[in-house]
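Model the full assembly from the supplied sequences, consistent with the hints where possible.
There are 2 protein chains.
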Amino acid sequence: MNAEIITIGDEILIGQIVDTNSAWMATELNAIGVQVVQITTIGDSPAQLVDALNESKKRADIVLITGGLGPTKDDRTKKVLCEYFNSKLVMHQKTLDHIIDFFNRRGMGVNQLNKNQAMVPECSEALFNPVGTAPGMWFEEQGKVFVSMPGVPFEMKRIMIDHVIPRLSERSGRGKIVHKTVHVIGIPESMLADKLENFENNLPEFIHLAYLPSPGQIRLRFSAFGNDEALLKNEVERQLEMLHSIIPEAIFGYDDTSLPAELGKLLLARKETVATAESCTGGMMAHLITSVPGSSGWYKGSVVAYANEVKTGVLKVSERALIDFGAVSEAVVMQMAKGVRESLNTTWGIATSGIAGPDGGTPEKPVGTIWMALAGPDGVKAEKFTFSKDRERNIIRSSLTALNLLRLELIG
Amino acid sequence: MNAEIITIGDEILIGQIVDTNSAWMATELNAIGVQVVQITTIGDSPAQLVDALNESKKRADIVLITGGLGPTKDDRTKKVLCEYFNSKLVMHQKTLDHIIDFFNRRGMGVNQLNKNQAMVPECSEALFNPVGTAPGMWFEEQGKVFVSMPGVPFEMKRIMIDHVIPRLSERSGRGKIVHKTVHVIGIPESMLADKLENFENNLPEFIHLAYLPSPGQIRLRFSAFGNDEALLKNEVERQLEMLHSIIPEAIFGYDDTSLPAELGKLLLARKETVATAESCTGGMMAHLITSVPGSSGWYKGSVVAYANEVKTGVLKVSERALIDFGAVSEAVVMQMAKGVRESLNTTWGIATSGIAGPDGGTPEKPVGTIWMALAGPDGVKAEKFTFSKDRERNIIRSSLTALNLLRLELIG
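Heads up: the sequence lines are chains A and B, in that order.
The opening position of the first sequence corresponds to residue 1 in the working numbering, with each subsequent residue numbered one higher.
The opening position of the second sequence corresponds to residue 1 in the working numbering, with each subsequent residue numbered one higher.
No lab work stands behind these hints: they were computed from the structure.
Accuracy of the hints is not assured; some may be wrong.
Identical copies look the same in the list; a pair holds intra-copy or inter-copy alike.
Computed cross-link-like contacts, DSS-like style, restricted to lysine-lysine with a CA-CA straight-line distance of at most 30 Å [to be verified]:
no., residue 1, residue 2
1, Lys79, Lys365
2, Lys115, Lys365
3, Lys195, Lys79
4, Lys265, Lys365
5, Lys271, Lys365
6, Lys384, Lys316
7, Lys157, Lys58
8, Lys180, Lys79
9, Lys94, Lys195
10, Lys58, Lys79
11, Lys58, Lys115
12, Lys195, Lys384
13, Lys115, Lys389
14, Lys115, Lys195
15, Lys381, Lys157
16, Lys233, Lys195
17, Lys144, Lys58
18, Lys157, Lys94
19, Lys88, Lys57
20, Lys176, Lys57
21, Lys94, Lys365
22, Lys265, Lys389
23, Lys265, Lys384
Predicted model only: the values in this text are computed from it and were never measured.
As structure tokens, this is what we get:
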């Protein structure tokens, strides 16, 4: 069973709002084995909606429509649907009672526009909306299902959860989908593709693998389709084990997680702490870590040492090393890691110093040259990386790569 | 002139990622007078792409396609486009040189998958991508334009800005467009709309004003349409002067700028420096500042004092104040600002301490309670704000609001 989502709203087409409804709906639909084949966003125009309905029913068994059901004049979805299904608008008493109650409870009168919201096409079934005034509407025609819902996210979600998902789940007898996401760091996409060539070629037909790269890391998404959910899960697990044997160190987590979240779990288990000293990453390591709720349990803080005098003053980097080797050097980054570990009194210290760009490069140290160091109970080590010319990307890649140094150390 | 956006990616259809590219593209296209009529999201299937291309060219003059150009197997967009336009793949030398250089600079070899990225359909024009390895491709057929771009947001944006927007802007013959963006901080959107009601009502017909809010700030975008560019510019300037007289302190800059960039200009002109001490903002102030190229000329660094012992150790906050008032208090945030100014030896010190959420609130200090302080040559002052329950939003709002304290001080 498959579905198409139609999102209505000029505000999306002018870029004023990002359509987050569709991703939420797609996740819920996939979870009950309904595959989304297309998401179509159109403007507030009746002709566009009619075209979209005609096209979508060729592609999908279920058409879910959001938007265009509010009380204002420019919301014409209901009228268009009523004409599309050759029906007429009738009063839905339960919804009318709810609307009157809804406004009365707020000490407000009910005007005709509000009452009109309780009118639904006679051929449709109204889906009660306890958190708003516009009900959802369920249409069936020639074996196809059409559902219209308000565009306000929490109203749409409530109608989906209360009505749409349970009904569709019952109907979807055809096949399950099992997803698993693997988070990978430390291997560029093309090298990963090389390493996984045989593995990919040997994947069963019913398992699809997608690469989802972002700066500094790659997510690998497995999707398995079939009737027997337990079997699908088993087969995906089996493939994950094989994947793990090919790139054991590069995998840092599964499904909803992040590198700092995984680092936090490792540190908490060992009752250890970390601090960061940042030059080129300029606070990004601290930001990534403090975005993890509960990170105060293992993270003490960061010294963003942008000026050399902060490196010498707060982090106790020697003037000599700065003069002899420059700020972007093995010697300095090692002293930074050591310095922050000592001054913030943590088990581990991570430091970065590099040329993030777009300017500041030299022939010996081109833009993208990043030194990182890790200081711990057994001493300090450093590593040099050469990234791109893009400042934003270099900052995020350097931050993740530096955090990964500690992860690799902790997993041995 | 109108456009359709086709977004390719199974990961969007299963709800794993939200399509933010389309909203960005729609905003840019609208800004040059190109109206987006539909956004279509499809899966990684050749047949779906062919269908979407056939449908979209009926609706739009320009079809912009993102996604499916990476080096891995599941990326088939280029092959499909090549067949669709009856062309064959040829090597694009400039892109090949760039790819080889791209990998060599990272000390990595180039494999065949990488080299294949430099192959483009003979009938297309390759759009150079300086920040990635997959070029954009520009096709023309029967008066319609088709552009294919990588789905990675910063690569797509770079190709749009460097190539697509300038070309389309030239073609869009409905007169000239003059844009001016005004950056506003410190006034909530609804209050700003109230203040500007008369101003907006008196705007000439040919000038359109759009509110573009983001956490902590609002951009006001003026778009003037007409034939006489000089006249349009004059009229926009006249309106900006009027706007400035209504909200003089709230405007911090125009067009491509940011609050930290403007703060930097003010500090450089006075030969002054600043440092930050961050608790709840967790490095975000440092990140925003160090994202400005050249910020090392006026910014010395940050102490991200997540643990209280960092507040006492590095920032010299008194144990007494932490015990008596807690970390989120006027006394502590003032000592943090003073401490970082002294220990990093700067003209100014800015500090934040608050409860970003989602947890950690109390009846006296609910989630969203944020203290900020500014220390300078004449002493320290603090201010309390109450923001929302949303952690991400609170972090960015707090960071911008704290930086704005110094801007307001500097402009008197």
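Hint-by-hint comparison with the structure:
| no. | hint | result |
| --- | --- | --- |
| 1 | Lys79 - Lys365 | neither (59 Å within a copy, 39 Å between copies) |
| 2 | Lys115 - Lys365 | between (58 Å within a copy, 27 Å between copies) |
| 3 | Lys195 - Lys79 | between (54 Å within a copy, 23 Å between copies) |
| 4 | Lys265 - Lys365 | between (36 Å within a copy, 28 Å between copies) |
| 5 | Lys271 - Lys365 | between (38 Å within a copy, 29 Å between copies) |
| 6 | Lys384 - Lys316 | within (22 Å within a copy, 34 Å between copies) |
| 7 | Lys157 - Lys58 | within (26 Å within a copy, 34 Å between copies) |
| 8 | Lys180 - Lys79 | between (41 Å within a copy, 28 Å between copies) |
| 9 | Lys94 - Lys195 | between (53 Å within a copy, 28 Å between copies) |
| 10 | Lys58 - Lys79 | both (22 Å within a copy, 26 Å between copies) |
| 11 | Lys58 - Lys115 | neither (35 Å within a copy, 39 Å between copies) |
| 12 | Lys195 - Lys384 | within (23 Å within a copy, 54 Å between copies) |
| 13 | Lys115 - Lys389 | between (49 Å within a copy, 20 Å between copies) |
| 14 | Lys115 - Lys195 | between (57 Å within a copy, 17 Å between copies) |
| 15 | Lys381 - Lys157 | neither (41 Å within a copy, 37 Å between copies) |
| 16 | Lys233 - Lys195 | within (24 Å within a copy, 57 Å between copies) |
| 17 | Lys144 - Lys58 | both (10 Å within a copy, 26 Å between copies) |
| 18 | Lys157 - Lys94 | within (20 Å within a copy, 49 Å between copies) |
| 19 | Lys88 - Lys57 | within (22 Å within a copy, 35 Å between copies) |
| 20 | Lys176 - Lys57 | within (22 Å within a copy, 35 Å between copies) |
| 21 | Lys94 - Lys365 | between (59 Å within a copy, 25 Å between copies) |
| 22 | Lys265 - Lys389 | between (33 Å within a copy, 25 Å between copies) |
| 23 | Lys265 - Lys384 | within (27 Å within a copy, 33 Å between copies) |
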